[in-house]
Amino acid sequence: AQSVAQPEDQVNVAEGNPLTVKCTYSVSGNPYLFWYVQYPNRGLQFLLKYITGDNLVKGSYGFEAEFNKSQTSFHLKKPSALVSDSALYFCAVRDVGGSQGNLIFGKGTKLSVKP
Amino acid sequence: GAGVSQSPSNKVTEKGKDVELRCDPISGHTALYWYRQSLGQGLEFLIYFQGNSAPDKSGLPSDRFSAERTGGSVSTLTIQRTQQEDSAVYLCASSGTPRGTSGNYEQYFGPGTRLTVT
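Chains as they are written, first to last, in my numbering: chain A, 718 to 832; chain B, 58 to 175.
Bound-form chain A, shown alone (with noise of 0.2 angstroms):
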C-alpha cells in the first residue's frame, strides 16, 4: 500500500536560515511525489511536483525538494527561511503504476518560522 510520511509534527526556524521539511513515501513502484502548501483558513496550493529526470526540484516561493529514491525520500527545502513561509506543508505521493487517481498525503508539518 502507498504511504507517506512526515516525521516532524513541527519546525521551527529563525528568518533567514535554511529550513527542512521531511517527507518519506512507500510504493510499490515508481512514485510522482508532491508538496503542497495551507495557509490558515486556505486551501491547498502546490508548491512542486517530481515526475522523473533530475532529482532536484525547484518550486513556488523559492522551495525546492530533492527526491533520494535509494533513501525513498522528498525532503522539502528553503535556503533561506521567511516569516511569510509559515504554513502548514503536506508532501503527498502517486504511485506511477497504480490505478488510483487520488493522491495519498502526509499528515502535515506546521513551519513556524520566527523573526
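Simulated from the structure, these hints should not be mistaken for laboratory data. Careful, some of the hints might be misleading.
Cut-off 27 angstroms, straight-line C-alpha distance, at most; resulting in silico cross-link-like pairs (DSS-like, lysine-lysine) [unchecked claim]:
hint: 1; chain 1: A; residue 1: Lys-824; chain 2: B; residue 2: Lys-114
hint: 2; chain 1: A; residue 1: Lys-786; chain 2: A; residue 2: Lys-827
hint: 3; chain 1: A; residue 1: Lys-831; chain 2: B; residue 2: Lys-114
hint: 4; chain 1: A; residue 1: Lys-786; chain 2: A; residue 2: Lys-775
hint: 5; chain 1: A; residue 1: Lys-766; chain 2: A; residue 2: Lys-827
hint: 6; chain 1: A; residue 1: Lys-766; chain 2: A; residue 2: Lys-794
hint: 7; chain 1: B; residue 1: Lys-74; chain 2: B; residue 2: Lys-114
hint: 8; chain 1: B; residue 1: Lys-68; chain 2: A; residue 2: Lys-827
hint: 9; chain 1: B; residue 1: Lys-114; chain 2: A; residue 2: Lys-766
hint: 10; chain 1: A; residue 1: Lys-775; chain 2: A; residue 2: Lys-831
We have chain A; now place chain B onto it with these hints.
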C-alpha cells in the same frame, strides 16, 4: 483564471440532518477529487471522478456519503444523517489528467467547506 470554488464556505448542521456540498472545478479539468481534512489529521481521500468513467468511491467512509458529478463539471458531495464525527473541512480538487495517462498532473484545490455537526 478562475480556480476551484466550493460552497458553502461554512456549514453548521444538526446531527441527523442531510447536507450537500458543492464543488466547481477549473474549466476543462477532467479529474475531480474530494478529500476530508480533520483536525490534526492529513487529507483523507473520499472519491475520484475521471471524465465519464465510473467514479472511484473507495475512500467513502460509509454509505451515508455519496457524490455525483453532473455533465463532467460541477460535483456535489452529500452526507446523509450527519454525525458529529463528520465534522471536518471538505476539500475539492481538480486536475487536467487526460483519460488513459498515468496522471502526473498536480491537483488544484478549492478553499474547502468547513462542516460542523452539532
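Hints and how they fare:
Taking the CA atoms of Lys-824/A and Lys-114/B, the gap is about 22 angstroms. The hint holds against a cut of 27 angstroms. For the hint linking Lys-786/A to Lys-827/A, the alpha-carbon distance of about 25 angstroms falls within 27 angstroms, and the restraint holds. About 42 angstroms separates the Cα atoms of Lys-831/A and Lys-114/B, which puts this hinted pair outside 27 angstroms; it is violated. With a C-alpha separation of about 17 angstroms, the suggested pair Lys-786/A and Lys-775/A falls inside the 27 angstroms cut-off, and the hint holds.
Restraint check: the Cα-Cα separation between Lys-766/A and Lys-827/A comes to about 20 angstroms, which is no more than 27 angstroms; the hinted pair holds. The suggested pairing of Lys-766/A with Lys-794/A holds, with an alpha-carbon distance near 13 angstroms, which does not exceed 27 angstroms. Note on Lys-74/B and Lys-114/B: the hinted pairing holds, with a Cα-Cα distance of about 22 angstroms set against a maximum of 27 angstroms. For the hint pairing Lys-68/B with Lys-827/A, the CA-to-CA distance comes to about 26 angstroms; that is within 27 angstroms, so the pair holds.
Restraint check: the Cα-Cα separation between Lys-114/B and Lys-766/A comes to about 26 angstroms, which is no more than 27 angstroms; the hinted pair holds. For the given pair, Lys-775/A sits about 24 angstroms from Lys-831/A by alpha-carbon distance, which is consistent with the 27 angstroms threshold.
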